[in-house]
Each structure stands twice: as structure tokens, then as C-alpha cells.
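Trainee: Each chain is listed here by its residues.
Number of protein chains: 2
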Amino acid sequence: MKTKDYFKILREIKDVSFATVDEDGHPQVRIIDVMIIENKKLYFVTARGKDFYKQLEEKQEVAITGVNKKYQTVRLNGKVKKLEKGWVDRVFDENLSMNNVYPGKSRYILEAFCLYEGHGEFFDLSVSPIFRESFSFGNCEIEKKGFIISEECIGCNSCAKDCPQQCITKGSPYVINQLNCLHCGLCFERCPVKAIKRI
Amino acid sequence: MKTKDYFKILREIKDVSFATVDEDGHPQVRIIDVMIIENKKLYFVTARGKDFYKQLEEKQEVAITGVNKKYQTVRLNGKVKKLEKGWVDRVFDENLSMNNVYPGKSRYILEAFCLYEGHGEFFDLSVSPIFRESFSFGNCEIEKKGFIISEECIGCNSCAKDCPQQCITKGSPYVINQLNCLHCGLCFERCPVKAIKRI
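In the order they appear, the protein sequences are chains A and B.
If you count by the numbering used here, then the first sequence holds residues 13 to 211, one letter each, in order.
If you count by the numbering used here, then the second sequence holds residues 13 to 211, one letter each, in order.
Hint data in this document are derived by calculation from the structure and do not stem from the laboratory.
Accuracy of the hints is not assured; some may be wrong.
Identical chains share a label here; the pair holds if one copy fits it or two copies do between them.
As the list claims (entries may be wrong) - Below, simulated SDA-like cross-link-like pairs (lysine to any residue); rule was C-alpha separation at most 20 angstroms, straight line:
#1 LYS71 x ASP36
#2 LYS157 x GLU70
#3 LYS156 x ASP34
#4 LYS117 x GLN84
#5 LYS94 x PHE135
#6 LYS206 x PRO185
#7 LYS26 x LYS82
#8 LYS157 x GLN190
#9 LYS173 x GLY183
#10 LYS173 x VAL113
#11 LYS14 x GLU35
#12 LYS26 x GLY167
#13 LYS93 x ASP63
#14 LYS53 x TYR128
#15 LYS93 x GLU70
#16 LYS52 x TYR128
#17 LYS14 x ARG144
#18 LYS52 x ASN111
#19 LYS66 x ASN107
#20 LYS82 x GLU24
#21 LYS81 x ASN112
#22 LYS182 x VAL103
#23 LYS62 x CYS179
#24 LYS97 x GLU201
#25 LYS62 x LYS156
#26 LYS20 x PHE143
#27 LYS156 x GLY37
So that you can see chain A by itself, here it is in the shape it has in the complex (with noise of 0.2 angstroms):
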């Protein structure tokens, strides 16, 4: 799948998970509506009373994620900016139930807010062995998470044997399917020269 896929995978699932990180350094989730999705941005409003609001205010940045009814994930993490008052106007105009919360002008007390750039991964636990695809949007480059083999592998098998995907392929060294691992670490536990590496 490509990137605005991912993307439209949260607006389909709409009731999502934003973290931030509070003025103690203490993490805080909560849900929040998809509001739009376009050009691999992601809308969403939020009221100023709120703690999210300063949240927002103080560090622009937000980690999202939700999950389908068919077990696939969509996590994104980037910055955020706030946006003109006329945004407020659009997320109401094509998210009509928000005018039940928010009836009349009290809709200006929300501010709307933009994710332009960062990093997103999909993960997907319905299939066997798993899948999962990195991504990223705006002005960033592809993060890479996980383990490697390197040129130290002497062939022993201990990692391929016992992993719970069985996604390492033999050879000089042997290589880790990056699509269908879990990142679960055994692999980088058994081996016995210590030829894999965390990346």
C-alpha cells in the first residue's frame, strides 16, 4: 500500500489515539477524531481549555495510532502545526456530529490542527507470518527500526530455529525478512557471537 493509504486507514477508523508528552514528562493518550485527511496531512481540532491544547502548544508534536476491525495498524509520529480559523469551519462542515458537541459559535473555542511530517508504520497481525512497512511524510526520511545480521553470522541456525515468524533465511550471513518481523528481539538474544545487531 502507499503512504496516503496508511493515511486514509485512520480516517476510516476516525476515533484514533494522540500522545503527547505533558509538562512533567509524564505520557497522556486520548482519543480523537480523524477530522481530514489530504496530501498526507492529517486534520484534527482540539478545544484551548484542554490539556492537549497546551500540550500541542508547548512541544508540536503528537504520536497517532489506531487500529481496523481487520487487526492492521497505522501508527504516525511528527510535528504538528496550528492552523487558521477557517479550518475549524471546514473539519465542521464535512464531520457534521461535531456540531452536537459543539453547537453554534461555541465551535470557535476549538483550534485545528495539522500533522505535516514524520514518520509511520504499518502493522498488519492478520497474516501469517505478520507484515509491517515503514513510511514517511513531508520533509522526512524513512525510519529504521529492528535488528540486523551482520558480516559476523557464522551460520549456526540459533536464530532462524526459534523465531516466532520464521522470517531469517539462510546464507552469508543470514538475512532478517524486515516485512514480517516482529522486532521481538530473540533472534539478537540466541545468536552466540552477538552477530546481530539492533539498527
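Position chain B relative to chain A; hints supplied.
Mentor: Relative to chain A, chain B alone:
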């Protein structure tokens, strides 16, 4: 509802969001299964190779949220601790599909954790006015949030008139019905004498 009912909602949703703070102070969030709920404690597992594991080991705290089909949200914030190996077996006994992802002995790359004390919030957007309730568990007191109207109130009605949930009652002073408040901050901004305080 009681605190244990709010925990039950998260077990029913099962795939919920767990937020942490990474080593660089950025928010991180991913979908994790709620494996066991018992005595107002929440149990989950993660693998030693994952960034999530590293963050739990470093800070021993997490923020959790999920939303059910009725648009009821539960949020928890609190402290976690790592448990003995036996808990991984119990998690697999009570969540059989885990064997598809981590077959055989590969389960022991997982560690079990328990959220044992903290704060919670229930938020119901399906009713009008909306309904919210705070609670706590373990050795924690309830955390109050939102706004209150102080004795400085001049009874001008500016706050009550525009409240999106119409949850401010006339009086001397006026009173915000905390169970129905969005925490949007509109009353706080409207009060001409700054009688409304953030808790």
C-alpha cells in the same frame, strides 16, 4: 459505574493504545492487547527487543486509552512493574491466539507487566450532555481537572449562555456541573471578571 467496570471496558475493547515517552522525550504510542484485568490491575506483555520494553524499563509508567463501539472512552495513567515469568504463561492460557504469534517457547521473549496504580477517566460522548467521571486505583487519589467558578462570580450569565453542553447552573456563584463538562474552556475565556479558575 465503578472503577472495576471501567477496567472491564478496556478488556472488552482489548486492542487499546499504550503511550510512553522515549529516551529523547518524544511521545510514542502503539496498540497492545489488554490480557488480564484483575483486582483493578491491568496486565499486558511486550517483547524484550521492542522500544516499548525499553521505555517501560526506564520510566515504569504508561498512559492507556481505548474507545468502544458505544463511543465510551476509558483513559488510564499510572505506574507499571515487571512480573515473574509465570505471568507470561497465564497470559497465554487466557489469550490463546497469542500462540499464533509466539508459538512454543518463543513466548519467553515476552515479559509481563502490570499497571497497578494511577488515575483514570471515563468519557461518554454518546449521551447529551456528555458524561465524564474520574477515578483512581491502587494507592492514588482522584485527580481533579477542568474548571471551577469562584466566589468572584458576578452572576452575569456570560459563561452559562454559550456553554456548548449547557452544563452551568445559575447561582451565587454559578456552578459548573463537572460530570457534564467538556473542559473546553469557553466559560473561562468568556468570564469578564476572571472568576473561573483552572483546577
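Trainee: For every hint, state whether the structure bears it out.
Mentor: So, going through the hints one by one against the coordinates:
1. For a Cα distance limit of 20 angstroms, the shortest separation of LYS71 from ASP36 qualifies both inside one copy, at 12 angstroms, and across copies, at 13 angstroms.
2. Within a single copy, LYS157 and GLU70 get their C-alpha atoms only as close as 28 angstroms, which misses the 20 angstroms cut-off; across copies the closest is 19 angstroms, which meets it.
3. In the homo-oligomer, the alpha carbons of LYS156 and ASP34 lie at most 20 angstroms apart only across protomers (16 angstroms), although the nearest pairing inside one protomer, at 27 angstroms, exceeds that limit.
4. Proximity of LYS117 to GLN84 under the C-alpha cut-off of 20 angstroms is found in neither arrangement, the shortest distances being 38 angstroms within a copy and 26 angstroms between copies.
5. Taking the shortest alpha-carbon separations for LYS94 and PHE135, neither the intra-copy value of 29 angstroms nor the inter-copy value of 25 angstroms comes in at or below 20 angstroms.
6. Within a single copy, LYS206 and PRO185 get their C-alpha atoms as close as 13 angstroms, which meets the 20 angstroms cut-off; across copies the closest is 69 angstroms, which misses it.
7. For a Cα distance limit of 20 angstroms, the shortest separation of LYS26 from LYS82 qualifies both inside one copy, at 15 angstroms, and across copies, at 14 angstroms.
8. In this homomeric assembly, LYS157 and GLN190 come within 20 angstroms of each other (Cα to Cα) only inside a single copy, at 9 angstroms, whereas the closest approach across copies is 44 angstroms.
9. For the identical chains of this complex, LYS173 and GLY183 are intra-copy neighbours only, at 14 angstroms inside a copy versus 72 angstroms across copies, given an alpha-carbon limit of 20 angstroms.
10. In this assembly of identical chains, LYS173 and VAL113 lie within 20 angstroms of each other by CA distance solely across copies; the values are 15 angstroms between and 55 angstroms within a copy.
11. Within a single copy, LYS14 and GLU35 get their C-alpha atoms no closer than 36 angstroms, and across copies no closer than 30 angstroms, so neither meets the 20 angstroms cut-off.
12. For a Cα distance limit of 20 angstroms, the shortest separation of LYS26 from GLY167 qualifies neither inside one copy, at 47 angstroms, nor across copies, at 40 angstroms.
13. Proximity of LYS93 and ASP63 under a CA criterion of 20 angstroms is satisfied intra-copy only: 16 angstroms inside one chain copy versus 27 angstroms between copies.
14. In this assembly of identical chains, LYS53 and TYR128 lie within 20 angstroms of each other by CA distance solely inside one copy; the values are 5 angstroms within and 37 angstroms between copies.
15. In the homo-oligomer, the alpha carbons of LYS93 and GLU70 lie at most 20 angstroms apart inside one protomer (11 angstroms), although the nearest pairing across protomers, at 30 angstroms, exceeds that limit.
16. Taking the shortest Cα distances, LYS52 and TYR128 sit within 20 angstroms of each other inside one copy (7 angstroms), while across copies they are farther apart (39 angstroms).
17. For the identical chains of this complex, LYS14 and ARG144 are intra-copy neighbours only, at 13 angstroms inside a copy versus 39 angstroms across copies, given an alpha-carbon limit of 20 angstroms.
18. In this assembly of identical chains, LYS52 and ASN111 lie within 20 angstroms of each other by CA distance neither inside one copy nor across copies; the values are 26 angstroms within and 36 angstroms between.
19. Neither within a single protomer nor between protomers do LYS66 and ASN107 lie at most 20 angstroms apart by alpha-carbon distance, with minima of 24 angstroms and 39 angstroms respectively.
20. With identical chains, the CA atoms of LYS82 and GLU24 are at most 20 angstroms apart both within one copy (12 angstroms) and between copies (17 angstroms).
21. Taking the closest pair of Cα atoms, LYS81 and ASN112 come within 20 angstroms of each other only across two copies (18 angstroms); inside a single copy the shortest separation is 26 angstroms, beyond that limit.
22. For a Cα distance limit of 20 angstroms, the shortest separation of LYS182 from VAL103 qualifies neither inside one copy, at 52 angstroms, nor across copies, at 32 angstroms.
23. For the homomeric pair LYS62 and CYS179, the shortest alpha-carbon distance between copies (17 angstroms) is at most 20 angstroms, but the shortest distance inside one copy (45 angstroms) is not.
24. For the identical chains of this complex, LYS97 and GLU201 are inter-copy neighbours only, at 17 angstroms across copies versus 53 angstroms inside a copy, given an alpha-carbon limit of 20 angstroms.
25. With identical chains, the CA atoms of LYS62 and LYS156 are at most 20 angstroms apart between copies only, with a shortest distance of 13 angstroms across copies and 34 angstroms within one.
26. When the C-alpha separation of LYS20 and PHE143 is checked against a cutoff of 20 angstroms, the pair qualifies only within one copy, where the shortest distance is 18 angstroms, while the shortest distance between copies is 30 angstroms.
27. In the homo-oligomer, the alpha carbons of LYS156 and GLY37 lie at most 20 angstroms apart only across protomers (19 angstroms), although the nearest pairing inside one protomer, at 25 angstroms, exceeds that limit.
Checked against the numbered hints given earlier, this structure breaks hints 4, 5, 11, 12, 18, 19, 22; the rest are met.
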